[in-house]
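Q: Below are the chains, spelled out letter by letter.
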Amino acid sequence: MAENQNKKRVGVFSLTCDEGCSIYLTEIFNRKLVEWLDKMELVYFLSVKNKTDFSNLDVALVEGVVTSQKDKEELEKIRNSTKILIAMGTCAMSALPSGQRNTFTPEQKEEIREHLEMYGFLPQALALKEVVKVDDEIPGCPVSEEIFVKTFEKYLD
Amino acid sequence: MHSCDLDIEINKLSKIEGHADLDIRIRNGKLEDVTLKVMENVRFFNQAVRGKPYASVPQLVSRICGTCSIAHLTACIEAVEKTLGVAPSEQTMLLRKLTMYSLMIRDHALHLYFFVLPDLLGIDSILDLADGKKELIHEALHVKEAGNNLSKLVAGRAVHAPYEQVGGFSHEIDPSRIPILVSELRKVRPSVLKLIDIFYRCPWKLKRKTNFVAIVTPDFSFLEGKIRSTNGAVIEERDYWNHLHNVVLPYSQASGFQFEGKEYMVGALARLNLNKESLHSNTKRDAAKYLTVFPSDNIYHNNLAQALEILHSLDHSVELLSAGGFKKEDPAKPVKQSGEGVGAIEAPRGTLYYWMAIDQGRVRYLNLVIPTAQNLVNLREDIKKIVEGACASGVFPDELEEKIRREAEKIIRAYDPCMSCASHFLRVNLKF
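These protein sequence lines are chains H and G, in that order.
Per the working numbering, the first sequence starts with residue 6, numbered consecutively.
Per the working numbering, the second sequence starts with residue 57, numbered consecutively.
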């Protein structure tokens, strides 16, 4: 559609986490969605839509940690499809709290070893920037509303 | 019936909480197998809580689930309090009710408006609503925002609420905000009644005899009561575990449960089937026509039940807030530093059970029973019934796959499953 040509193509992605940031984003939407929809097209957000389009993104918002090989491949795919990649929340920025296994004692690590092997986990849970280039970050657990709006709107104009 | 072989794979089910896949195998026109795979990566909360000071654990387990974090927070706090003999004040219990209501309003609204309504309206996303129906988007956002603002007022935030703590709340309610919030809750009430009517008129039907289980609370406040089932069981919260059996689900980072040896369902439909008399009087007055539906064994009425729970949460919150009189209180203190206890509440998706052991102020053990995990066995049986019905319906094979995909996703969404939650505490370790 012609009216969509100038709209930014935005995707919201969840790696391993509690999805608290994307849920909180739907609360930020309560006040901002209608205004933002004039400037963006939400092309990937599994919480909101089924038909998804991964290609030619302008902005990718990514929450969670990279805990498995599958997470890593997905993040690399997102990176290759987007101009701007934003780490959304503390997990994406620093691998905690969702990568809490990194802080375990040797005994605890031994306890979870079998599970890690069975499900293709990486030796350590990683923050996004340990895997791909990250263009911007929004701190908070969940994301701070004020910083989210300020950061995200930079990329909508 | 047309004989055909079909392998249907749905990868990354959308409009649910968390990640799940569904595989269906049909041979010679007959269903052979249904596999619902919870694809969430485990984050090892069992291990993470061990050895932590009890006061820090509620905020830690809040991170199990973004959408129902308040339910985990509240159930964990209750478990700590039962374990250490903390007696929360009357005002604390009232603030917890308001906190749970704020969760129900925004969580059910997200599910009904964003996840289910698109199926009912034949569109992919609520964002795709045609111009004439766009007011539903605005109503969705306003109802959610009322819940969100109630969370902020009472508990500090809707996700990982900072004020709710062991023994009480760390901040008092700002009295100047109460009239604003009461008027916001009242303002969205007509939208909620409209939502109830939409799901009352929804023609979807799937009936299969099953057992419904819920904590029956005297004021429908989701916090304290006896656990009852439509089969007639009456159980104390602390004894719930003795009635459950763990069921291993192949290929999943999650496991399911049976109650007294059979599949069962927890959640809004179970609560309405067992306890509709306890709803707020204003809800009973204005939703009388819709409440005649219950008890119901049509699983799709879970959506209607959720919409009715939004109305109740709103009505009871207005009453509690209007009564006012909130005062500053010190937190209730523990009488001991070691012990074992159970906290159980009704989370949006059903009974949430925490069994905790504390040694000298540090958590030694934690076991959880998650609502979605309890529903997985029942859900699998319902998907089987839907697939068998579709196979026997005589549609041509090329249409059959599409029909099964659509119907299976619809029934999964009716359960409002939360895979983030379901993937935790899968290993049942009773060694102390």
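These aren't lab readings, by the way, just hints derived from the structure by calculation.
Among the clues, some could well be false.
Stated by the list, open to error - With a Cα cut of at most 20 Å, we get these calculated DMTMM-like pairs of lysine to aspartate or glutamate:
#1 G:Lys189 with H:Asp43
#2 G:Lys93 with H:Asp43
#3 G:Lys108 with G:Asp415
#4 H:Lys37 with G:Asp77
#5 H:Lys75 with G:Asp77
#6 H:Lys56 with G:Glu465
#7 H:Lys13 with H:Asp140
#8 G:Lys68 with H:Glu151
#9 G:Lys208 with H:Glu78
#10 G:Lys68 with H:Glu79
Q: Which hint numbers does the structure go against, in order from smallest to largest?
A: Violated: hints 2, 4, 8, 9.
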